[in-house]
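J.: Listed below, chain by chain, are the residues.
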Amino acid sequence: MASTSGLLGDGKKAKKIHHLIKAPENTPFSVSRRESWDADKPAVVYITPENLPDGTPCTAATVILRTKGCVWWWKSGCTFCGYFNDVRDDVTSANLFAQWEEAKRQTKDFAGCTMIKVYTSGTFFEDREIPVDFQEAILVETHERGMHLVVEAQAQLCYPDKLAWLAEKHPGCTVALGLEAYDDVVLRFHVNKGFSVKQWHKAVDLLRENNLRVKTYLIFKPPFMSEGDALNLTTKWVKQVAPHSDEVSINPMNIQRGTIVDRLFRNREFRPPWLWSLVDMIQNTHEEISKLECRTIVHPTAGGRIRGAHNCGSCDEDIVAAIERYSVSSNLDEFSDIDCECKRVWKSEIENDSMLPTILGSGVERRVSRVDTVRAP
Amino acid sequence: MDGRPLARGVESRQRFSRIFSLGDRKNPSSWTPGIVLGINDPELPISIAPFSSRRNSSSIPANISISTRGNFCFPFDTPDTWTSMEGLVLPPSLAESDSGTFSEGEEVLLVSWQSLHHDIKLNDKNLEPSIVVLVDSPQLVKNQGLLIDAIDTIRTKFPSSLIWTPGIAGPDNCALLTWMGIDLFDLSRSRSASAIGVLLSTLGPREIDYTVSESSDMDAQCAEWKRSISATRAAIREGSLRELAEMQSTSSSKSVEHLRLHDLKMRELGGGRSGLSRVLGNSATLRCNSFTSRSDALIQDWHNRVSNFHTPPNHQTNVLLLLPCSAMKPYRLSQSHQRFAKSINTRGVHEVIVTAPLGLVPRELEDIWPAGNYDIPVTGDWDKDEIYIIKNMVKKISNRTNYSRIINHSGIKIEIEGIDIKDTRKGLSAGCSESLSNLSIEIDNAILDFNIPKMKESLHRLEKLKSLSRFQHGCDLWLNDTSVEGRPPIFTIKNNGIQLAQWNPRSARFAFSKSCLPILDKYGTLSRVYLRNDHIWKGDLFSTNVESIEGDIRRGDEVLVYQNNLLIGSARADAPGWEWPNGPGRLGRAQHRL
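Residue numbers (numbering that gives the first Met the number 0), protein chains in the order written: chain Y, 0 to 376; chain D, 0 to 593.
One thing to keep in mind: the hints can contain errors.
To be verified - Derived EDC-like pairs: lysine to aspartate or glutamate, alpha-carbon spacing no greater than 20 Å straight-line:
| id | chain 1 | residue 1 | chain 2 | residue 2 |
| --- | --- | --- | --- | --- |
| 1 | D | K141 | Y | D371 |
| 2 | Y | K342 | Y | E316 |
| 3 | Y | K15 | D | E95 |
Just so you know, these hints were derived from the structure itself, not from any lab.
Predicted, not measured: the structure shown is a model, and the values here were computed from it.
Please take these sequences and the hints and turn them into a complete structure.
T.: The following block contains the structure:
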């Protein structure tokens with residue numbers, strides 16, 4: 000596209016989406032917030048029920064480390080990612096070891112955990128983000144302790160040498176790739192992901208070659224997309240990526256502070272997805288996915304809250320619980336008894352989005368009185 | 000992705016609203032405002048729903064196809080389908096960025112707030128899509144004023160295109176959206192209402208009334224649409240769409256907001272640009288029954304022009320006489336004004352009538368639109384806003400004209416520093432003998448104090464017509480060396496025995512003769528229309544023969560017609576300035592050919 004010169008243009012040079020994504024990172028608030036973190040303390044540590052790769056129920060520890068962040072963020076960044084809020088620019092190897100010790104202290108040395116997820120707001124085995132000595136220490140320690148390890152990575156950073164090294168230090172561990180969308184247009188425009196579907200396939204092949212497990216993240220309802228399109232496309236993407244993945248984790252969009260999505264949300268130009276859409280997507284992919292050796296996980300972060308996937312407010316709790324249960328049981332019966340009046344509102348929104356040229360969606364307020372939902376906007 | 004363009008004519012128009020007739024103009028089969036049906040919508044008659052749409056979102060960006068439901072494209076043999084690619088669009092709050100891709104399509108053009116800022120293709124003068132779709136309408140309505148700006152930009156850039164704002168219309172706001180310039184709607188909000196058992200009526204959404212077995216199914220919703228569209232079309236034909244839009248807007252705070260912001264924007268524009276008429280004749284009616292009607296650009300335009308530009312007849316610049324209004328228009332025919340006239344023993348005072356919502360109506364302007372056509376509810380009291388407007392206007396016109404004295408028979412307390420004000424009412428009614436006596440005394444005093452001469456009726460009439468010409472046309476030079484003849488109320492204006500024009504209060508316009516055109520040309524009195532040089536002018540004025548215009552054309556204006564820089568005739572504008580020169584249908588009706 001050319002410079003600003005349309006009918007309403009003021010002649011100023013247009014910005015790229017990249018500039019809008021980076022802008023909040025440099026606000027005084029953001030800088031002071033980042034500098035306020037204790038570099039010796041992890042961002043979050045918690046314990047959840049999980050399933051091991053063979054399906055055995057287990058207890059998993061999740062350790063989210065406070066790191067320097069993601070190299071893609073340093074260059075550009077994803078439209079929805081608010082991890083820049085939680086990083087420090089000056090985190091050292093010593094800090095990371097201290098965080099690791101703190102995580103062990105909080106979990107009583109990962110007592111009872113046979114799975115551990117070590118998340119670094121970026122790529123675990125990217126040397127510019129995480130010092131190699133720390134990478135190695137975690138890989139070796141978790142392997143020696145017989146814990147199944149899950150780490151995250153960007154597809155374009157999955158180099159053959161590094162994956163071979165990873166497989167050597169912790170054979171059979173899971174690498175979670177944030178694909179977000181199985182569509183290059185969506186990756187480029189809606190997500191600003193920094194890699195393509197082809198690169199994801201390449202990374203998957205490399206992981207397979209090294210006998211590493213593949214977990215694929217998809218985002219449900221990226222910005223600049225209607226609810227109807229999100230439902231149709233994500234349903235399709237789940238079916239497309241499942242044959243290549245051991246697990247597909249669908250993350251409904253939630254509003255993270257300072258992101259582009261947050262900006263849209265505050266301008267009432269974006270609503271996190273309906274919980275009904277997630278249920279519909281699960282129901283429409285279940286049969287096909289269940290034939291594969293692939294597990295579907297949907298974890299609605301901030302589910303039922305206004306900044307997370309939500310419905311009308313009265314049915315949210317039950318539906319979030321059912322979705323969470325499905326992620327463990329893979330049983331559609333979890334949804335057999337749930338219904339609510341708001342389902343009809345959701346359905347009409349999906350129908351409208353599918354029929355109308357309203358690219359950004361036609362969604363209305365969900366938590367106003369029944370009559371007011373259809374009052375003239 | 001191209002196709003045959005939609006054949007369309009304009010059956011009726013008011014400001015930014017039009018009734019487009021679609022298809023063969025001899026036998027149109029549908030009209031707008033109308034509905035675009037979706038694939039799951041109930042079948043509606045073509046007369047109400049001229050188009051259907053289908054969206055294919057199997058890949059991103061999606062495609063949208065719009066089909067005519069009748070044979071609307073020349074040579075009217077089959078229905079047509081136009082397909083466009085939606086593009087990748089950022090929401091309005093990110094419009095500073097040009098990331099994404101713009102829509103592609105010929106007859107269906109999809110625009111967004113972002114593309115209005117960045118898509119240089121939209122500047123193309125040859126771009127004339129049949130339908131323009133504002134794809135981020137649901138987002139624009141949430142950002143104060145953006146919908147108004149977007150619609151205004153599209154409406155004036157593509158005057159002959161039909162505009163669709165998907166996702167925001169209902170039977171409860173279709174008149175309002177039509178007032179702002181939208182032509183096409185959809186059933187999406189009605190579908191949502193039906194889904195939750197609510198009836199989206201012409202007066203807004205409401206619960207159904209079980210006592211009469213009312214339904215909220217789509218048939219009931221469509222019946223509301225039919226009522227709303229019929230009422231909207233009828234209102235455009237009779238020139239009362241403003242009232243309908245005001246009435247509808249009260250069902251939603253957002254609709255009221257849109258109407259106010261639209262009024263505000265239109266007030267800042269010239270009369271032709273904001274779609275105002277100059278001449279509608281005395282059969283037109285302007286009903287100002289709501290407070291909101293005061294914000295209309297028409298009313299504000301009157302306030303502005305009377306306060307800041309109007310100059311009284313040359314022999315009436317010393318004394319201003321303020322009189323109360325009457326229910327009958329023109330005022331001079333009312334009993335009260337005939338009584339006042341008996342107390343006014345001179346033609347040398349400037350009679351100005353105090354009223355609402357127009358504020359002030361100078362006597363010489365009482366026949367013209369809208370002064371001769373308005374109607375208001377009369378309670379006998381002025382509200383604070385009315386008093387403020389009147390006082391403000393009196394102050395402005397007085398300071399500008401430098402009246403030496405104001406004789407105030409209006410009953411409203413007026414105080415202006417440096418001007419001698421005589422109150423003739425003193426709390427009494429305007430028509431009682433005591434106040435009329437006071438009026439008579441003050442008039443006589445003014446005649447003495449300012450040595451106001453007696454003036455011949457014919458000269459008095461000429462000066463009044465000059466003042467009227469200055470107000471209507473910005474110039475009175477064409478009236479130099481003329482005489483006024485004839486029996487009131489119809490006057491003939493002649494120069495050396497040659498008739499230049501006629502003034503008839505029923506049509507409330509100067510009807511210029513062919514002989515007058517060169518004089519009007521000489522003094523630059525009227526707006527100008529330039530025809531294409533290669534065109535042989537036979538019929539009326541259309542976008543096909545008009546090359547450009549000069550001046551602020553209001554509907555009803557007499558315009559001079561030029562070709563090869565030569566004056567070749569005149570015409571009367573059917574369309575307001577914003578539709579010229581590329582508007583649909585007949586823009587002007589030929590009047591004289593030289």
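J.: Among all the numbered hints in the text so far, which are the ones the structure does not match?
T.: none
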